[in-house]
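Participant: Position chain B relative to chain A; hints supplied.
Order-wise, the sequence lines are chains A and B.
My numbering applies: residue 34 is where the first sequence begins, and numbers increase by one.
My numbering applies: residue 37 is where the second sequence begins, and numbers increase by one.
Since the hints were made in silico from the structure, they are not lab data.
Just so you know, not all the hints are guaranteed correct.
If you only want the chain B side, here are some residues facing chain A, beta carbon under 7 Å, derived [stated by the list, open to error]: (1) I82; (2) W109; (3) G120; (4) L122; (5) F123; (6) L128; (7) A131; (8) Y135; (9) R171; (10) Y183.
Calculated Cβ distances over 10 Å to all of chain A for the following chain B residues [claimed, not checked]: (11) L146; (12) A161; (13) A162; (14) P195.
For every residue, glycine included, the Cβ atom is placed at its ideal position computed from N, Cα and C.
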Amino acid sequence: MEYSPPPFFKRGPSLITRFAFFSVLSIVLLVADARFGYLRAVRALFSVVVVPLQQVSALPAAGLARVGEFFVTQAQLRRENDQLRRQALADAPALQTRESLAAENDNLRQLVGLRERLGRKTFAAEILYAPRDPFTRRVVVDRGGQDGLVPGLAVLDRTGVVGQVTRVFPWASEVTLVTDKEHAVPIQVQRSGLRGVTFGVGYDGTLELRFMPVNADIQNGDLLVTSGIDGTYPPGLPVAVVSNIERNAAYAFARITCTPAAGVSSYRQVLIVDKGEPQPENPLASEAAAMPTKARKGGN
Amino acid sequence: MRLPSSIPDRADSAEIMRPARFGYIGVTLIVALLANLLALPGIAQILRPDLIALTLIYWVVYHPRRVGFLPAWILGLAMDVADGSLFGQHALAYAVLMYLSILLHRRIVLFGMRQQMLHVLAILAAGQTVMLLIRAVGGADFPGAHYYVPSLLGALLWPALFNLIRLPLRPRSTANVA
Chain A
34 MEYSPPPFFK RGPSLITRFA FFSVLSIVLL VADARFGYLR AVRALFSVVV VPLQQVSALP
94 AAGLARVGEF FVTQAQLRRE NDQLRRQALA DAPALQTRES LAAENDNLRQ LVGLRERLGR
154 KTFAAEILYA PRDPFTRRVV VDRGGQDGLV PGLAVLDRTG VVGQVTRVFP WASEVTLVTD
214 KEHAVPIQVQ RSGLRGVTFG VGYDGTLELR FMPVNADIQN GDLLVTSGID GTYPPGLPVA
274 VVSNIERNAA YAFARITCTP AAGVSSYRQV LIVDKGEPQP ENPLASEAAA MPTKARKGGN
Chain B
37 MRLPSSIPDR ADSAEIMRPA RFGYIGVTLI VALLANLLAL PGIAQILRPD LIALTLIYWV
97 VYHPRRVGFL PAWILGLAMD VADGSLFGQH ALAYAVLMYL SILLHRRIVL FGMRQQMLHV
157 LAILAAGQTV MLLIRAVGGA DFPGAHYYVP SLLGALLWPA LFNLIRLPLR PRSTANVA
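Isolated chain A, as found in the complex (with noise of 0.2 Å):
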């Protein structure tokens, strides 16, 4: 291949110089994404194009689907319809204790001095698709930046925690799901109290509980609720299930797998909870920026 043209037949740099400018020029940009996190005003300015591009794409099963809706026969919609009203007859006692409980709870809360759990605000919103990438467990939604989402807010569906809002577009955001590798959803054990983090496997849709002792009070089928001290995810919401306990006296922490409470992969439609009141500073933080006027006070 190595050859130089006549000057007359010039076409330009050569190949390897080519190469070597975009491939340079591809690793400023990784790293620039990688390590310092720039780049988001050019990613929100690609997703402008992409986003309408995969709707696009997405057009032909979604008439499909559509079509196939129209016919449903009307005895398949009896049978939902009925289901769906036993079901409704069915919680109604659990939804009619669970308003005096509510409304005992806020005045046990009011009479112990603790601060009320605040409603927050919620965004339903459709996943769009799941990215092709193998290294990563995340969705993308037709909710963004313009409807008010940040990163950092809480994904559910209707049985369970699905993820965070990691990366917002105009028009789409990405929400990382509790299966992905680099996630920890921080959780409390619902039978004993017990708190702990989980963190996501990565490769086989399953979490982990880390750094719980071997004689941990933890058994097989307990619900693994948000803890709610990371500020990110509501008290209470189920995020797994254990479902595999390895007791190794060798090793100074049990190896417990749970599976997502979630239909982390299943379901089309979530909600996004709003951030609750701004949590607390990291005390010490607050400690070390209050430190010169504690120090003065304590000249004077």
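Facilitator: For chain B alone, coordinates are given in the frame of chain A:
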């Protein structure tokens, strides 16, 4: 794998193709982008071959002066945004893919379809390896052997894509073709 014997030994058969217009190249690349963005259910999403990469290889191999690095690179950035991967990951992979394709294009056209598929497999796998290395630097684990299935499927798709893309480029009348 047995291929039907109707596939000619020299992929570039006696037919002389009409020149490809820039508009047509653009259309094929946009269709490839749409196909890449198409949401598939479950595991199919992970195993689907990268049609943009395949289309780029086709144009570079058969019309080497028509598609340059810049469009490939911009398509790579678009794929990065769509996949939520690191910004520049696909762009770098496509740059590597373009480099290899341009380097090998004179040789690839001389081969029959089967050998071409092997070349395409190697080029696609090189692109995926670049992405794997980028993610490994970022701390990701190797996702498993299925990671390379898209390259394999891409190589198997090569004859179909080859015939599909050159369909509009066939000479209008075949009367003169011996």
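Participant: Would you pick out the hints that fail for this structure and give their numbers low to high?
Facilitator: Every hint satisfied by this model.
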